[in-house]
Amino acid sequence: MIKRFLWLTKKDAVTAYRNYYFLIVVALALLFTLLIRFVVPEDTSVKATVFYSTNYSGELRTQLDETIGQSKDTNQNVVSVDSREEIIEKMKENTNSFGMFIKQGDSRPTIEFIFQGYENDQSRNTLIIAMKDSLSGKTAENPKIDTIVLKENISRDMNIPMNKNILPLFLVMEPAMLGFVLIVSLIFMEKEEGTIRAYVITPGKIPEYLASKITVMVVLGIISTLIGSLIVVGFNADYLSLLALVIVSGIFFSALGLILASFFENISQSIIWLIVISIILSLPTVSYFFPSFAPIYIKILPTYSMMFAIREAVFSTGNTGIITSTLITFTVLSIISYLLAIFAYNRSLLRD
Amino acid sequence: MLNIKDLYYSYTKDESYAVKGVSFEVTEGEIFGFLGPNGAGKSTTQKVLTGLLPMQKGKAFVAGVDVRKPNEKLFNSIGVSFEHPNIYKKLSGYENLDFYRKMFSVPTEDPMKLLRLVGLEEAANKKAGGYSKGMKQRLVFARSLINKPKIWFLDEPISGLDPTTANHIKDVIKRKKEEGVTMFLTTHNMYIADELCDRVAFINEGKIALVDSPRNLKLMYGEKIIKVEYTENGQIKKENFSMIKDEDKQKLNKLISEGKIETLHSQEATLEEIFMKVTGRGLK
Ligand SMILES: Nc1ncnc2c1ncn2[C@@H]1O[C@H](COP(=O)(O)OP(=O)(O)OP(=O)(O)O)[C@@H](O)[C@H]1O
Ligand SMILES: [Mg+2]
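Protein chains in written order, with my numbering: chain A, 1 to 352; chain B, 1 to 284.
Just so you know, these hints were derived from the structure itself, not from any lab.
If you're wondering where the values come from, they're calculated on a predicted model, not measured in any experiment.
We put the CB at the ideal spot given by N, CA and C, even for glycine.
Treat the hints with care, since some could be wrong.
One-sided and incomplete, this derived list gives chain B residues near chain A with beta-carbon spacing under 8 Å [to be verified]:
{"no.": "1", "residue": "G51"}
{"no.": "2", "residue": "L52"}
{"no.": "3", "residue": "E72"}
{"no.": "4", "residue": "N76"}
{"no.": "5", "residue": "I78"}
{"no.": "6", "residue": "V80"}
{"no.": "7", "residue": "H84"}
{"no.": "8", "residue": "N86"}
{"no.": "9", "residue": "Y88"}
{"no.": "10", "residue": "K89"}
{"no.": "11", "residue": "K90"}
{"no.": "12", "residue": "K102"}
{"no.": "13", "residue": "M103"}
{"no.": "14", "residue": "F104"}
{"no.": "15", "residue": "S105"}
Which residues of chain A face chain B? A few of them, derived with a C-beta cut under 7 Å, are [what the hints assert, rightly or not]:
{"no.": "16", "residue": "W7"}
{"no.": "17", "residue": "K11"}
{"no.": "18", "residue": "R18"}
Please construct the entire structure, taking both the sequences and the accompanying hints into account.
Structure representation (structure tokens):
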């Protein structure tokens, strides 16, 4: 049985190769990574807003006000508010912002930078140095700098460069959708050839027949994942979780394709369904970019949790729960859809 | 080897049967022919017997296995040459056979040997999708032998092949008979049925009209025909005389005594003529 499965897999892999499936997958992965690296800008987010307020009234007050006034002229994103509390309140409403509060220190003024918590050290330092630079020369002594972080270690989209943030989408969509579509065309090819009929009069069984095709699709998915993530993020990803996720999602989506293909005789009969299902499954991409848009009908789509689980595997924030729960969900879904596919093929192959 | 009783099959799962109560037996080493016109139900019968269509009504045992519960033993002991060639187009002829043999759990034939047997050795490494129709058909024929079947199902194995290739395939069939392989051969070609089969079943509209050896059929139903060319009033005339009708015999006697005969051939009745007599329709 295992031997038959391996021979079937070899046959399917050769067929997939000669149908250029491998080439298609590799080319798409490369094209995608090129787009990420060179076409999509690293940061498309608007400039962060600065909320600032002061209760300092010492000798440096005028210089400080001048500096802030200058940056207000050149940068309309500086907003003065009345109190430190208000800064924090405003920052909670606008996550793409940081705060500055100037107060009287022991001997000299203290500038308190208030960060959201997702900014990395580099961007924090850049800000602080820029502030110091614009003050130097204007004041006799430098003000003291304090930094305060609202929430330590929170994860926000903005700490991942915009272009790399698309990677998880690709990692979900390419292997899943392509596997879904390619396995359907593989089945229709065999239906057209009539070779399924030649197979069912051998001792070979349906479960092996389907498993070999799923295996080839999973391998295609792994190839595409490795190309995509190695080029974009290198080794900075949780590859074990990533591969586990890609494997279960590959099994699920190709089993789904198998079930779909069992209802039809050729690709043109099924094309509408193929498109409709693909569109439905890609709906969660909207929620990926607009996290606040996540109605229940999108949340229940398997691609929804897979997308965030894969992002977690690529850009770890310590929230491994989503990986585990998605893995479990998809393992269950995969088993169910595989069994359904076996059932569907046992029935449909004997229909002539 | 084959034991079929009251087999019915309906594609629509209702009373319109494509096969209506077919019963027959095939003994070991026998070539059993299924002769009938298009749409008679030949392929349908074969598909039910090979497990390609589900058993609906009746009993069928193939190699001792109930076809209702097809198992590994059944599939290991049958070989099926399909009516419509079905091969992996992206694999070469050799790869097709080499893959297929791996699916069986009994000793198999060497793919190259089989390709040579059907004259495809030169095309062995070409993609089967590029084969001509006849080549595809020969590949399917070769493939059906890969598991050294004890029962060999042949659905129109020769139709569409050129005469030389057809003769070659017929030789292979005859050789396999000598090796003791039991065969179920479906055809609408009376010459093939006549030449190859030990017994022939006439099938028409899903029913078997009669079963017997070609020779017995001819003895029973055939009338000897004499084809004569003779001159009359300076003109050559052709006429067929039955050796059963008295009127024809007298007329022929007269021609012989008058010495007018140019050529004279005796001709056996063909299976087609007998088929026509039994079922009231031809094979075409
Ligand atoms: N897949 C199918 N669905 C519905 N009806 C079918 C199907 N295949 C065959 N039939 C019908 O069943 C009857 C028997 O067909 P079958 O293929 O068994 O004929 P056959 O004797 O093999 O003919 P041929 O010499 O043309 O191969 C025909 O009336 C045909 O129309
Ligand atoms: Mg037929």
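Against the structure, the hints:
About 6 Å separates the beta-carbon of B/G51 from the nearest beta-carbon of chain A, less than 8 Å, and the hint is met. Nearest Cβ of chain A to the Cβ of B/L52: about 6 Å, under the 8 Å cut. The hint holds. Look at B/E72: its Cβ gets to within about 4 Å of chain A, closer than 8 Å, so that hint holds up. Annotation: B/N76 was flagged as interfacial toward chain A, and the flag holds, the nearest CB pair being 6 Å apart, inside 8 Å.
A hinted interface residue such as B/I78 counts as satisfied when its beta carbon comes closer than 8 Å to some beta carbon of chain A; here the least separation is about 7 Å, so the hint holds. With its C-beta approaching chain A no nearer than about 5 Å, B/V80 sits inside the 8 Å limit, and its interface hint holds. Because the beta carbon of B/H84 sits about 6 Å from the nearest beta carbon in chain A, less than 8 Å, this interface hint is met. Given the 8 Å rule on beta carbons, the hint for B/N86 holds: about 3 Å separates it from the nearest Cβ of chain A.
At about 5 Å, the closest approach between the beta carbon of B/Y88 and any beta carbon in chain A falls short of 8 Å, and the interface hint on this residue holds. Using the Cβ-Cβ criterion of 8 Å, the hint placing B/K89 at the interface with chain A is satisfied: the shortest such distance is roughly 6 Å. For B/K90, the interface hint holds, the least distance from its beta-carbon to any beta-carbon of chain A being 4 Å, beneath 8 Å. Residue-level restraint check for B/K102 holds (minimum Cβ-Cβ distance to chain A is 4 Å; threshold 8 Å).
Taking 8 Å as the C-beta cut-off, the interface hint given for B/M103 holds, the closest approach to chain A being about 4 Å. Against a cut-off of 8 Å between C-beta atoms, the interface hint on B/F104 holds, since the closest Cβ of chain A lies about 6 Å away. The restraint placing B/S105 at the interface with chain A holds, with a minimum CB-CB distance near 5 Å, inside the 8 Å limit. Contact between A/W7 and chain B, as hinted, is supported at the beta carbon level, the nearest pair being about 4 Å apart and thus within 7 Å.
Annotation: interface hint on A/K11 holds; nearest CB of chain B at approximately 5 Å, less than 7 Å. For A/R18, the shortest C-beta to C-beta distance to chain B is roughly 4 Å, which falls under 7 Å, so the interface hint holds.
When each numbered hint is compared with the structure, no violation occurs for any of them.
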